[in-house]
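Enquirer: The residues making up each chain are set out below.
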Amino acid sequence: MANATGFLLRNNLSDTGTLPRSGGWTSCPDIIVAGTAAIGTSDLIASYGSITDKPLTQSLTNYLYIRSKNMNNAPLTQVAYLFQVDGSLVLRPEQWYSQNNLVGYLAKNPNHVGDDDTPDNPRFITQYQQTLSSQTPGEIVVTNGYTWAPDNTDHHCLVAVVADSWDAVLANYPDTGTMDGLAQWIYANPSLGWHNVNIQPITSTVYESNTAYLHSPADERITFTIIAENVPVGARVSFGAQDSTANGQMPGQDWTTVSAPVGGGSINPDFEVGTTLLVNSGYKTVFTYRTDFAGLPVPSNFKMHMTATKPITPTAQTLALVGGDNAQDSLVQSFHRAFAPTAMFRAPDGQHFGHGLDGFTTMLAATPWGGDGNGDDGDLDDTVIVVLGSHTTTPISS
Amino acid sequence: MTTSPWLALRGDLAAHAATGASPDVILGGPKPDPNYVTEYGKAFNATGDFDGTNYVYARARNAGKQLAVGTVTAYAARLSDLPNQADWVKLQTRADGSDTPISAKPGAVAVNGVPLIWEPQGAPAPSVPWCLIAEVTGDDDPPIKVPSTVTDKAGFDAWIAQQTRIAYLIVQESHVAPPALPSFSWSRKIDLENSDDTTLAAAVTCTDGPAGGVLAFSFDTPDKAGQPIGLGTTQYRLGTSYSQTRTVPAGFESTITITFTPPSDATVDAVFTVGVQTISGDGDDGDMGSDVTTLVAGYTLRLGQTLAS
Numbered sequence: 001m002a003n004a005t006g007f008l009l010r011n012n013l014s015d016t017g018t019l020p021r022s023g024g025w026t027s028c029p030d031i032i033v034a035g036t037a038a039i040g041t042s043d044l045i046a047s048y049g050s051i052t053d054k055p056l057t058q059s060l061t062n063y064l065y066i067r068s069k070n071m072n073n074a075p076l077t078q079v080a081y082l083f084q085v086d087g088s089l090v091l092r093p094e095q096w097y098s099q100n101n102l103v104g105y106l107a108k109n110p111n112h113v114g115d116d117d118t119p120d121n122p123r124f125i126t127q128y129q130q131t132l133s134s135q136t137p138g139e140i141v142v143t144n145g146y147t148w149a150p151d152n153t154d155h156h157c158l159v160a161v162v163a164d165s166w167d168a169v170l171a172n173y174p175d176t177g178t179m180d181g182l183a184q185w186i187y188a189n190p191s192l193g194w195h196n197v198n199i200q201p202i203t204s205t206v207y208e209s210n211t212a213y214l215h216s217p218a219d220e221r222i223t224f225t226i227i228a229e230n231v232p233v234g235a236r237v238s239f240g241a242q243d244s245t246a247n248g249q250m251p252g253q254d255w256t257t258v259s260a261p262v263g264g265g266s267i268n269p270d271f272e273v274g275t276t277l278l279v280n281s282g283y284k285t286v287f288t289y290r291t292d293f294a295g296l297p298v299p300s301n302f303k304m305h306m307t308a309t310k311p312i313t314p315t316a317q318t319l320a321l322v323g324g325d326n327a328q329d330s331l332v333q334s335f336h337r338a339f340a341p342t343a344m345f346r347a348p349d350g351q352h353f354g355h356g357l358d359g360f361t362t363m364l365a366a367t368p369w370g371g372d373g374n375g376d377d378g379d380l381d382d383t384v385i386v387v388l389g390s391h392t393t394t395p396i397s398s
Numbered sequence: 001m002t003t004s005p006w007l008a009l010r011g012d013l014a015a016h017a018a019t020g021a022s023p024d025v026i027l028g029g030p031k032p033d034p035n036y037v038t039e040y041g042k043a044f045n046a047t048g049d050f051d052g053t054n055y056v057y058a059r060a061r062n063a064g065k066q067l068a069v070g071t072v073t074a075y076a077a078r079l080s081d082l083p084n085q086a087d088w089v090k091l092q093t094r095a096d097g098s099d100t101p102i103s104a105k106p107g108a109v110a111v112n113g114v115p116l117i118w119e120p121q122g123a124p125a126p127s128v129p130w131c132l133i134a135e136v137t138g139d140d141d142p143p144i145k146v147p148s149t150v151t152d153k154a155g156f157d158a159w160i161a162q163q164t165r166i167a168y169l170i171v172q173e174s175h176v177a178p179p180a181l182p183s184f185s186w187s188r189k190i191d192l193e194n195s196d197d198t199t200l201a202a203a204v205t206c207t208d209g210p211a212g213g214v215l216a217f218s219f220d221t222p223d224k225a226g227q228p229i230g231l232g233t234t235q236y237r238l239g240t241s242y243s244q245t246r247t248v249p250a251g252f253e254s255t256i257t258i259t260f261t262p263p264s265d266a267t268v269d270a271v272f273t274v275g276v277q278t279i280s281g282d283g284d285d286g287d288m289g290s291d292v293t294t295l296v297a298g299y300t301l302r303l304g305q306t307l308a309s
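For the record, the sequence lines run as chains X and E.
Position 356 (the first sequence) corresponds to 356 in our numbering; numbering is contiguous.
Position 189 (the second sequence) corresponds to 189 in our numbering; numbering is contiguous.
Take every hint as true, because none was put in to throw you off.
Under the rule of at most 25 Å between Cα atoms (straight-line distance), these lysine-lysine pairs were calculated in the DSS-like manner:
(1) X:K303 to X:K108
(2) X:K310 to E:K189
(3) E:K31 to E:K42
(4) X:K310 to E:K224
(5) X:K303 to E:K224
(6) X:K54 to E:K90
(7) E:K31 to X:K54
(8) E:K90 to E:K31
Just so you know, these hints were derived from the structure itself, not from any lab.
In this text the structure is predicted, and so the values were computed from the model without any measurement.
Only chain E is shown next, with the shape it has when bound in the complex (with noise of 0.2 Å):
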């Protein structure tokens, strides 16, 4: 293993700490910025996006006075798993690759050629962000080991900042501030005149609209329980049926409200189909049988705008 210097990655722009905020983590576009190199002071794009595809590079200086070629490995791990290595995991490159080459002159700045590609499929909890690690290995540098002695983040951080070959980034959310738009409701009035205790279902389901939209529905009595009844504001998906199951007390009546809002403030509007229903349970066998339904309430709903050109 080499000890001389070599491609080197940096903890932050002042080289000196490590608490995931590395500029040499970078998520770009699916061709490298030529600025990535010619820029070695400035930080770039550390936003991801969580529902999409992220390209992901990693931007090395050359510390040696020889070529350096090496190889760019990139993980994507949870903030509470990164004293486990284990449960990285490993990025590929379109072309199914797990690593990409890196090359620099010495003293020069370089960015792997082919990205690697990151798809987290959803943006996680706050308390869990996203994080990437990206490595860079050589004949004589191998894969680096995370110490077993380091068990938390605290830990972790400690052992990076004295790594010159590993660093990572804490993937940060989108923070711009969206646009105002406007929203678009839809109330009705559901009585059951239910005698007894009775099991509700209600449910919403957009099936034509545009994507990024949101949708929302409340019902303005809770149930039995005194638990609110209803789906906050949620990022449908086409046909996805989003609903609510409760035990509601005799004498039930409620208005419920329907709320979307679209992904932007254009001509645009979105179809609902909404169902409020009285549940009969297939008796319970153990397996999941066909409930009996009894449909209270129906309708079609076309909710948006059209703006003048």
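Chain X extracted, bound-state conformation (with noise of 0.2 Å):
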């Protein structure tokens, strides 16, 4: 039997590229249905011996990807495009073949002027395909996101086709109106996969936007934080990159709860959540982010916006300033603990020294903590690492 050339998308986790193919062909593994939290390169090619198959949320942008092997025995480089077809239209191959029914991507317009975002000077543009590269036989590559926010729930089948160019994909036309004949559209083309999806409805006010980001040129950590002003207890934030950084990780915060404010109350004034990784020289990328009123309603005075920070080494005069604070400071003073109630406390020989704080001081007074030898000189890049309550601390009930 011959086997796959190219790059392969799977019918089927069984799919090993031999031809012809056969088995289930409706859920392909290679397009991975992301849902609203984005997934990073080095996840998805980990990921190659499973389905991720989430559910997406009508209205909000979803991250769609494609991964392929390289079944060509040298490096091979191929063109990428993802369809939606809605379930009535499944048959009817001549209604959603065709660049309107392609899945995008956004990028930065190039020809945007100014701050406005009018259909006339968008900020964005949408983009349609991608590149699959690869350098070694064998090798699983994958896509940067494909994105997509269905205005309905009906159902729908994603295709993906890889090939040397779009008019090679429109070569390859589906000129079938069964569905067994779609099953033998992909069987034959090892570079072809289809995957039915589900659509969920979004079931509160959800607040998205976009931003587009470009990195200076240099490696670097840099922090990612989405800013929610004014919003209320128990929403939801999140956000998203488009693209992995060059090693492979993605920006993104999946959905997190809003928690009350210090001194409590129902609305956060700043609620901020973000997450750090390295950054390479010259990643650019499209952040989608949100908030999820989770059926609360929307304060006038909401809003919502994204931060990138990168820390820089703190100046001489800063480290002279902290120092200063830090040696009038020990560690004794700096750390505290609140006890169960029903905490006891006893010295490794089994001397007892009561319940509770009284306890806890008894124990502190009959055991030296051995002074602020654990590095805090007064730099800044102290590590102070401090296990409090030792192994002296037992529970009552114990």
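With the hints as a guide, bring the two chains together.
Expert: As structure tokens, this is what we get:
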């Protein structure tokens, strides 16, 4: 039997590229349906042995990826396209096998002028073609994210095609009006994949926005943060990027519930969550960030935005300033513990110090901490490691 | 459509009201408990695990005189969405089916053998709790449509009280009193010695620690607008940076306190990185640039305890 050449999109997890293909063909594991949480390239490659099939959410930006294995005996570079097909139109390829049904991704508009974002001067444009490039036979490669915000919850299918060009894609037209014919089309073309998807309705008010990011010409650790101002406690925030960094990491934060502010209240004036990772020189992407109000009313003064921050080495002046504070401090003064009322304290030799705070205080008096010899010498880059309680803390029930 | 008695779901144990307390919508384990059937007069678990997987069962009694074979379908919806059937989210089985069969002899009680899966991914706000709606359909008993005249919860309750094949449950939060837990905190004085207003950013990240732990931090001096600076008690996620970015007045001096509460009073610890910075912007061209920050305090802390065995 022959083997597939070119980039293989598997029908199912049992598909090793042996032709003719057979078996289930409507859940291609190499069309990765990630839902609203972006996934990094390294994780997508590492999960080659499994199917990622999360539900998509209506009206929100959902992330999709095409993964492929180079079955060639040489380096290979081709382009990948992804079609979305309404379930009712599956048997009418003349209605979906066209550019109108391609799933795209956002890119910063190079011709954008000023700060406006209007139909005539859009901040972002949609692109459709992604490149798959493999330098090694047998290598698994993956596209960056396609993004799709379905406008209804009708059953849909995703069809991925990898070829030399868009013309080559069009030349491989699925000239059939039957499900069996479509199956044969997929079976006969190892660079095709089909994946049925579920779309769940959006059940509350969600604000979603995009921002472009271009990193400076240096590899640096960057913290990406979403900041939601005047956001209801119980709402959720998240963000994700379309593109992985050079080491395959994806800046993103899955849904995080807004907690109550310091002092309590139903509105948090400033809720911020983020993630820190190494960002390569020239990295560019488009972030999507959002707040789900989870059925709660939207405050009129609600705002959200994203930031990217990078720490720099503190100056000598700063070191001196904070060093002065540290010099007046000590670890015993800095650390505190609240006790379970049932906690009992005793020494390793069995000496009993008592319960709760009294017991702890007695134990401290009897057990020297050993000073601040854990490197707290006033420098800013201290690593302070202290374990409070130690082996002398024992619950009364033991 | 049949009008004869068939598989019936109750609105409550007394079977005469429907205010979101159906004993026949059950949150159980991966497999049905035989007691669901044998103890028809008992309400089983109605408490949801909002951060995990919930297994949903519908319990129906065959009020007819023939074997009844039907299908259970279940939905999740927020309380405010009950009248809006289009906003209900249909639950699926682990095998991606959207419904699961149920059958009962005349007079007998049955539950669906294959549970429907509900993973709400977070606790709801108190004012909009999650509801689970279960429906039984059959060849002569099609899916039930909520009338367009139903526009609020009161109307929904009045309508569903007249239905025998559909019932709903307001999912309860766990009210089990948690055991008293220790907490561990650390404080440090920060003095910016800034001559003008400046932007202060403080971030705390748990880089290693137990799931379910809680983090909080606060400054004892408010920002320039008089707002407290800090993070209220928050169940942390590893690697996530929790931060505050505020404008503070000249001469800002404050003590930051970070508190870790472990998920249990056991041998446990967690590592936190703490950074206090001042920020100067990158200029605003509409895109997101990398702000330049100046680190004024940076620590790695391990907080926790070791209990004797």
